[in-house]
Structure formats: structure tokens, C-alpha cells
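Engineer: Fit chains B and C to the given chain A structure using the hints.
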Amino acid sequence: MNEPMLFLPLIPLLPFVGFLLNGVLGSKLPKALVSTIALAFPLASFALVARAAWMVYSGLALPVIEHGAPEWIVFGAVHIGFGLALDQLTLVMLLVITGVGFLIHLYSVGYMEHEQGYWRYFAYLNLFLFFMTVLVLASNFLLMFVGWEGVGLASYLLIGFYIDRRSAGDAGKKAFVVNRIGDFGFLIAMFLLLGSFGTLNFSEVAAQLAGHAAISGGVVTLICLCLLLGATGKSAQIPLYIWLPDAMEGPTPVSALIHAATMVTAGVYMIARAHALFDLSPTALLVVAILGTATAFFAATVAMVQTDIKRVLAYSTISQLGYMFLGCGVGAYSAAVFHLMTHAFFKALLFLAAGSVIHGLGGEQDLRRMGGLRKQMPVTFWTMTAAVLAIAGFFPFAGFFSKDAILAAAFQHGVSGKALWTVGLTTALLTSFYMFRLWYLTFLGESRADGPADSPANGHGSAHAGHAHESPWIMLTPLVVLAALSVCGGWIGMERFGAFLAPVTGGVQAAAGDGGQIEMMLSALAVLVAAAGWFVAHSIYGRARNDRANASLALPRRVLERKYWVDEIYVAGIVRPLEGLARYGLGWVGEWTLVRGSAWLLAGVASLSGEFLRRWQSGNLRSYAAWLTAAAAILLIFVLAGTLFGINGFADTIHWAVR
Amino acid sequence: MHLVLFLIFALFALAGAVNLLLQKHPINSALSLIVVMASLAVLYLLLGAEFLAMAQIIVYAGAIMVLFTFVVMLLNEGREEKTWGSKTAKTIGLPAVVVLLAVLAATILRAGRHYGMISLSDGVTTIQELSKVLFRDLLLPFELTSVLILIAILGAVALARKDNGEA
Amino acid sequence: MNTAVPAEWYLILSAALFTLGVVGFLIKRSLISIFMSIELMLNAVNLSFVTFAHEWHAVKGQIFVFFVMMVAAAEAAVGLAILISIFRARGTLTVDQIDLMKL
Chain A
1 MNEPMLFLPL
11 IPLLPFVGFL
21 LNGVLGSKLP
31 KALVSTIALA
41 FPLASFALVA
51 RAAWMVYSGL
61 ALPVIEHGAP
71 EWIVFGAVHI
81 GFGLALDQLT
91 LVMLLVITGV
101 GFLIHLYSVG
111 YMEHEQGYWR
121 YFAYLNLFLF
131 FMTVLVLASN
141 FLLMFVGWEG
151 VGLASYLLIG
161 FYIDRRSAGD
171 AGKKAFVVNR
181 IGDFGFLIAM
191 FLLLGSFGTL
201 NFSEVAAQLA
211 GHAAISGGVV
221 TLICLCLLLG
231 ATGKSAQIPL
241 YIWLPDAMEG
251 PTPVSALIHA
261 ATMVTAGVYM
271 IARAHALFDL
281 SPTALLVVAI
291 LGTATAFFAA
301 TVAMVQTDIK
311 RVLAYSTISQ
321 LGYMFLGCGV
331 GAYSAAVFHL
341 MTHAFFKALL
351 FLAAGSVIHG
361 LGGEQDLRRM
371 GGLRKQMPVT
381 FWTMTAAVLA
391 IAGFFPFAGF
401 FSKDAILAAA
411 FQHGVSGKAL
421 WTVGLTTALL
431 TSFYMFRLWY
441 LTFLGESRAD
451 GPADSPANGH
461 GSAHAGHAHE
471 SPWIMLTPLV
481 VLAALSVCGG
491 WIGMERFGAF
501 LAPVTGGVQA
511 AAGDGGQIEM
521 MLSALAVLVA
531 AAGWFVAHSI
541 YGRARNDRAN
551 ASLALPRRVL
561 ERKYWVDEIY
571 VAGIVRPLEG
581 LARYGLGWVG
591 EWTLVRGSAW
601 LLAGVASLSG
611 EFLRRWQSGN
621 LRSYAAWLTA
631 AAAILLIFVL
641 AGTLFGINGF
651 ADTIHWAVR
Chain B
1 MHLVLFLIFA
11 LFALAGAVNL
21 LLQKHPINSA
31 LSLIVVMASL
41 AVLYLLLGAE
51 FLAMAQIIVY
61 AGAIMVLFTF
71 VVMLLNEGRE
81 EKTWGSKTAK
91 TIGLPAVVVL
101 LAVLAATILR
111 AGRHYGMISL
121 SDGVTTIQEL
131 SKVLFRDLLL
141 PFELTSVLIL
151 IAILGAVALA
161 RKDNGEA
Chain C
1 MNTAVPAEWY
11 LILSAALFTL
21 GVVGFLIKRS
31 LISIFMSIEL
41 MLNAVNLSFV
51 TFAHEWHAVK
61 GQIFVFFVMM
71 VAAAEAAVGL
81 AILISIFRAR
91 GTLTVDQIDL
101 MKL
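Protein chains in written order, with the working numbering: chain A, 1 to 659; chain B, 1 to 167; chain C, 1 to 103.
Chain A on its own, in the form it takes in the complex:
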């Protein structure tokens, strides 16, 4: 059998063609054509991925490497090409990206129907798919970085999609700047890699690491920590998570695709991809695990009191990403990727359902003004219920399997693992609580559409406000598909999934001896915890119309509502001092003395010499003549001095005159 062609370069390029078509011509094309273009290319991409998956299923050996173009950068022994590699991990990511991506494109057709800049939105969305697929297909760090930066760009463009809203622009900038901090870490890591391995190719780095088991310690830890900084930026972990809640300014499908399902998982993907490095640095792994757990817990607490439906989901995303980091940190990369996949299903579903609610309510995002939507939006209600059950971790929904796998791996990871597991389990309780809170507030009880609200309706045209209605079928279809996936996505089982990914991420840490029993207990515990979360939420929000806990838990509530004042602390601790430094330090020292001073100095020298030369070049014939005479006199003095004092050369020159 010949080497089968997978047409890997086409997978990113097809959405890129869509981007070019829509981006260049979109404003002149009719809406139907724009949506056709926007849907057709990702679908073709997905078809290619599905074909590849089928070929892999029927026995194609992985990894497959295809080159999209000739060498990119060649210097010395370093060769960096456009190599695209398909292995098990990439395949999973591609399926999620193109699959969920296509569903969200479909959903967007309905959701964005009445928006300005329809074509612009789809052009950006296709651009995002292009970069995201490049990111996961890249066979070296640099090409991955291209995708990494590209998705950041697409994210920036889409967060700031509502260009007439100042807050959207600010949020986009915030996301961009915070991500730059992470990218800085990524870049440093790449330089270190080049320095110590001389290559940026994943497989070559891994081969070198395998060849020299002695390589470990300092440099590797440093590289890992730098990569981790990049990952925390992209995947919204402490300390760089602050951009993600603000990123909810973008259209809701964007939040679903970029800020929940795919882009924010790039950090997890990157750590899994570079696991050969991380495996050699226990310190870095511990940092990853602690960061992940802390983020998970922290974000979950904040999510409990948010009143904006999308912000609850945003913090929930941060929290779930924390789980994935925890999984990576305890060496369970496949579990992390498993959770990544299931999370992509149910979180995308949550966002899309939330979008459906927002759409149905004419742009209303405040939980306090929702309620009683179960009757009006039955499809949305049932799909949302599936997603909530999945994220809370009820058996047999998808979230149960993946979260359980991570927690089990953490539990078996030594003493520190136990502590992490405890926090993780607590977080599971909180997760269950805030998701059911959201669920109750949105769908059950009575409508509070005229209730208290301090936030104005958040964009999205309030043309059909007042009367809630179910969304059109084009939005509901993706909901149903994703709901099915949220229910069934986990049934593949951790063992099989882990075995599939094993060639890339290394084997799952086999449960030792009586592991089976312990795992059963852990799973039961997890479900119990989830149920407890539901019970608490039910007792508080189930019957009461108003928040009963308001008075009793005033202080903690306040802390949480202000999100621990992290934004304020960042502003006071980092932004203000930097601003001050820039304004007063650099402003006075740099701007006034250096920049302006040198400018003045230069200008002064120039104008003074100009003044001098101007007077010299007076245009007055006689003054020219005077200078000419003076010069002649000086030259003659030299000659005479030469003859008088016999300076070398002059005497001979004059000799003819003297004879």
C-alpha cells in the first residue's frame, strides 16, 4: 500500500481560504453566501480530519508527517520547516477543534443573524480555525508559536468584535496584553531549547531527551517554567487568568469556541505535547499541579456569586482548566486531554445554551432577571441540564469520567497528591453548587424579567426583548449534538482513551494493586460530592425567589463578588506602578531629559551651526573673497614654513623654484 495522503496542509488552509474570501469580499456578498463560505470550509476541514481518523482507525501508523512548504528558517545546523505532524494527540485535538468548531459556526449563523459585520465575524472565526489547526498540527515549537500567536490575534479580534463598545475594545486589549506576558515565557523557552538542544522539533527534542537520560535539573526546569508561563497566559491560569472573564465581551459563540472549548486549552495541549520535558522536572510538574489546583478552587469560589451568566461560565472554564493542569501536573496527561475533550463538549454546550437564553431574552445576561425559562425554551433547558450534569460530574455523564480520572490520578500521586485531591474534591463540590445555582436561577422559579438589575442590557440588540422565545433550529441543532456528546462523550472510558494516547503522552499510571477498589470508592465519593452541591443549591435557590444567603454571608460574599479584588490588586500593584514609572520615571527622566533633551541638543547644534554657516554663506562676494584670501595665505605659510624649516617633502617640492 502506498503512503496514504492525509492532505494535512489542507486542514488549516481550507479555513484560511474561507477567511480570505469572507475577509476580502464578504462585505459585498449576500449573507447567505457568506454563511455558506463560512460553513463549507470548516466542514471540508472536518471531513479531512474525519477521513484521517478513519484511516487511523483502520490501521494507519502514526505519526504521519507532511510538509506544507519548503524549509522556513535555516541557520547553521538548525532547520525549521513547515512540517505538519499528525499523531494521536493531534488527532483528538483536531476532531474537537474542527468538530466543535463547525457546530459553533452553524450556531453562529443563527445567533449573529441580526448583527452588524456578519461577514467580519465569520472571517475572524475561520481565521481562528486556521491558526488553531496550525497550532495543533505543528511539528516544531516555532510553528506552534505561529499558531499560538495567531489564535491570540483571532481571539483579540473577536473579543473586540463589538467595535462600538468601549468595554469590548478594552477587554480585547487586556486579553492581548496579558497573553503577551505568557508569550514572553514561551519565547524564552524556545530560545533555551535552541540553546540546549539545537532544535525546536518536538520529536528531535524528545529523542535527545531519551538519548541522554542525564539531562535534567536546572535548564529543563527553567524551560518548563517558561513554557508554563506561556501556558498560564493562554489557558487563563493564575496569575494570568484575568483576561478570560473580560473576554466574555465577545459574542457568545466566540466565548464557546475560543474561550471555552479550544483556544484556552492550548496551554494544556502544549504541556501534554512537551511532556517529555516536564517529566524530567518534578519541580515544574509540582508547580503545574499546584497552580492548576489553586486556580480551580479559586475560580470556583468566584463563580459562586457572579450574576452575569457568561461570567459564571467564564470562571467555571478557568476552574475546569485548572483541573486539566492538575492532571498534567500529576503526570496524567491523557486524563488531562480526556478532560479537555469532554470539557470542550459540555462547556461549549453551556455557552451555546447560555447564548440561546441570551438570544431568547433579547440580550439579557443578568441571572437575577431570568428565571422560569423552562417552559419557554424546552430544548435549551434540556440540553443545558445535560451539560450541567456533565460538568458537575454525575454518572454517567462525560464530565464524570474525565474529572474522575484526574482526581484518581492525583490521589495516587504521593502525599502532595492527596492534598491536591482534597482541594480538587472541594472544588468539585463548589462546581456542582454554582452550576446548579445557574440552572435554578435561569430555568426554574418564576420570571424575574422586571426584577432588580443594575447592569444595562448587554448589547445584542434588544429588538425582541420582553417576551422570551425559543431559538431557531439552526442554533438548536448544535445544542442537541453537543448534548449527546456531553452525555456519551465519556463512555469511551479512560482506559481506552489513555491507551490510544499512550504513544504520545506515555502510559497512564497504572493503579497499583487494589487500585480498582480505591477508584470505585473515589468515584462514588465524587458523585456524592456532586449531589451535595446540588442539594445546597437546591435548598438555597430551589424555592426562594430572592437570594436568602445574602444577609448571612455578607462578608465572604463581598470578597467573592469582588473576585478577591484581584483586578484591583493587579491595577494597584502592577499597572499603577508601571504607569507611574512610565509617566514620571520614564516621562521625566526619559522623555524630558533624554528624548527631548537630545532633541533640543541636536536642534540647538544644528541651528547654531546653521546660523554660523548661514552667516558664512552670506552670498556676499567680498566676504567670500576674504575667506579665499585667508585660505591662500594659510596655505602659503605652510609652504614657506616647509622651505624654511626643511620639513620633509616641502623642500623638494619647492626646489624647482629655488634651483
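Hints in this document: simulated from the structure, not taken from any laboratory.
Hints are supplied without guarantee of correctness; some may be wrong.
As the list claims (entries may be wrong) - Partial chain A-side listing against chain B, Cβ under 10 Å, derived:
| no. | residue |
| --- | --- |
| 1 | L522 |
| 2 | A524 |
| 3 | N620 |
| 4 | S623 |
| 5 | Y624 |
| 6 | A625 |
| 7 | W627 |
| 8 | L628 |
| 9 | A630 |
| 10 | A631 |
| 11 | A633 |
| 12 | L636 |
| 13 | V639 |
| 14 | L640 |
As the list claims (entries may be wrong) - Quick partial rundown of chain A residues pointing at chain C, CB under 8 Å, derived from the structure:
| no. | residue |
| --- | --- |
| 15 | G619 |
| 16 | R622 |
| 17 | A626 |
Since the model is a prediction, treat every value here as computed from it, not as a measurement.
Idealized CB from N, CA, C, for every residue including glycine.
Structural biologist: For chains B and C alone, kept in the frame of chain A given last:
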């Protein structure tokens, strides 16, 4: 005899040059310059350059200075006005002139003892000798000067023409 | 009575005339007088050419003077034409008032 002639005409030349500087009206300056040139022609004769002496009279004192007088008359500039446009000319130029003269004189006097004496009995360079060199050795440069003069004439005509349109 | 004159006297005379020409260039205010000063300087140089030609019995020295005369004639023609056009444009030949490059 030579000494007397030299002194007389050297004095004439110097006096003419000084007068050129002192006279306010250009026409007087031009006449003084003619005196200088005529004296120089005599000195050339003393030096045995009879052809140059004639040429000096004809070309310089005749043609060029006539041209000058024509222009002076044509433009009718009148007396020089006293202007103080350039201090540089006095502050830099005149000291430089003094230095110039000093240096030249010093050089000449230093080298002077190597030079011979000049007397009337010295041979005269005949026109034949001169023309031999001019028309045999230096024929090409000589012919080129005629081209130069032709160009100069054309240039002068082009410059002095009243206006393109009227001409 | 056949008294001889040292060659350097001629040279000194030449230098003096040349210097006077320079002084004229510096102190005269009429453009046409300045032009005359230039002619004076040329003549002074010619004198030293002739002197050296006599001193070294070199005919080429005199030829040089001949060429200088031709160039002076050409220069006078062009120079005076320029003078005329300047005078037409400015109405004056006072150098201190002619300090712009263009006409």
C-alpha cells in the same frame, strides 16, 4: 638704462594699480588699469618678450579694456556708493593680504640670490621662435583656445540678449 | 650705460601688483571694479611668467602668457555679459546688494 626704464615703468604700474583702488568712478579705474597694462607691456619688452608686449597692448589695453569702458559707459553705474555690507572683507581679508604679501616677498627674496640679472643686452625672443613652439608643439591647445573663445562669444551673446521673447 | 636689474625685482613688482589686485577685490564695491581687480591680478601673474621665461630662457613661459591672455579675453566677454544681465535684473552693480544666488 634698463634700471631707469624699469623703475619708471614699475612706478607707473604701481601708481596705476593704487589709483585703480582709490578712484570711485569705474571709468577712472578702467583708465588706471590701462596705464598699468601699458607699463607692463614696456616691462615685457625689457624682458625680451616683444610679441607679448604687442599682444598686451592690442589684446588687453586694446580689446579687453575697450570692452570694459563700453560696459561702464553702457551701464552708467556712476560713482561707487559707500556700503558696509561686509566686515569680513576687512577683518579677515586685509590681514590675510598682508600675510600674503609678506610670504610672497619672503619667498622671492629668499630665492632671489639664485636668480640672474636682467639687462637690455639679453637676447630677444623672436616671433619666429614663439610661433615654432606655438604652431608645432602646442598646436592642439592653440586651436582649442579658438573653440574656447567661440564658446565664450556665444555665451556672452546668450547672456546679454535682452529677452528670449523679444530677440 | 647698461645697468642690469635683478630678476627678483620684477618678481617683487609682480607680487605687489597681485596684492594690490587682491586688495581691490576686497575693498571695491562696484562689481565692474572688482572685475578690473581680477584683470590686474592676471596681469601680475603674467609678469612673473615672463620674468621666469627670461630667466630660464624658456619660450613656453611666454606661450603660457599668451594663453592667459586668451582666457582673459574669453572671461572678460562672458563676465561682462553676466554683469549686464545682473544690472538689468537688479539695477545696481554694488556687490553688497547682490547677495542672492539667483537673478
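Engineer: Against this structure, judge whether each hint is valid.
Structural biologist: Checked hints:
1. Using the Cβ-Cβ criterion of 10 Å, the hint placing A:L522 at the interface with chain B is not satisfied: the shortest such distance is roughly 100 Å.
2. Look at A:A524: its Cβ only gets to about 106 Å from chain B, farther than 10 Å, so that hint breaks.
3. Residue-level restraint check for A:N620 holds (minimum Cβ-Cβ distance to chain B is 5 Å; threshold 10 Å).
4. Taking 10 Å as the C-beta cut-off, the interface hint given for A:S623 holds, the closest approach to chain B being about 4 Å.
5. Given the 10 Å rule on beta carbons, the hint for A:Y624 holds: about 9 Å separates it from the nearest Cβ of chain B.
6. Against a cut-off of 10 Å between C-beta atoms, the interface hint on A:A625 holds, since the closest Cβ of chain B lies about 6 Å away.
7. Interface hint status for A:W627: upheld, as the beta-carbon distance to the closest one in chain B is roughly 7 Å, under 10 Å.
8. Given the 10 Å rule on beta carbons, the hint for A:L628 holds: about 9 Å separates it from the nearest Cβ of chain B.
9. Interface restraint check for A:A630: the shortest CB-CB distance to chain B comes to about 4 Å, inside 10 Å, so the restraint holds.
10. Checking A:A631 against chain B by beta carbon gives a least distance of about 8 Å; that is within 10 Å, so the hint holds.
11. Hint status for A:A633: holds, given a least beta-carbon distance of 4 Å to chain B, under 10 Å.
12. With 10 Å as the threshold, the beta carbon of A:L636 comes within range of chain B, its nearest partner Cβ sitting at about 4 Å, so the hint holds.
13. Taking 10 Å as the C-beta contact cut-off toward chain B, the hint placing A:V639 at the interface holds, the least distance being around 8 Å.
14. Because the closest C-beta pair between A:L640 and chain B is about 5 Å apart, less than 10 Å, the hint holds.
15. For A:G619, the suggested interface contact is upheld, since its CB lies about 3 Å from the closest CB of chain C, less than 8 Å.
16. About 6 Å separates the beta-carbon of A:R622 from the nearest beta-carbon of chain C, less than 8 Å, and the hint is met.
17. Here the hint on A:A626 is kept, as its CB sits about 6 Å from the closest CB of chain C, short of 8 Å.
Comparing the model with each numbered hint stated earlier shows that hints 1 and 2 do not hold.
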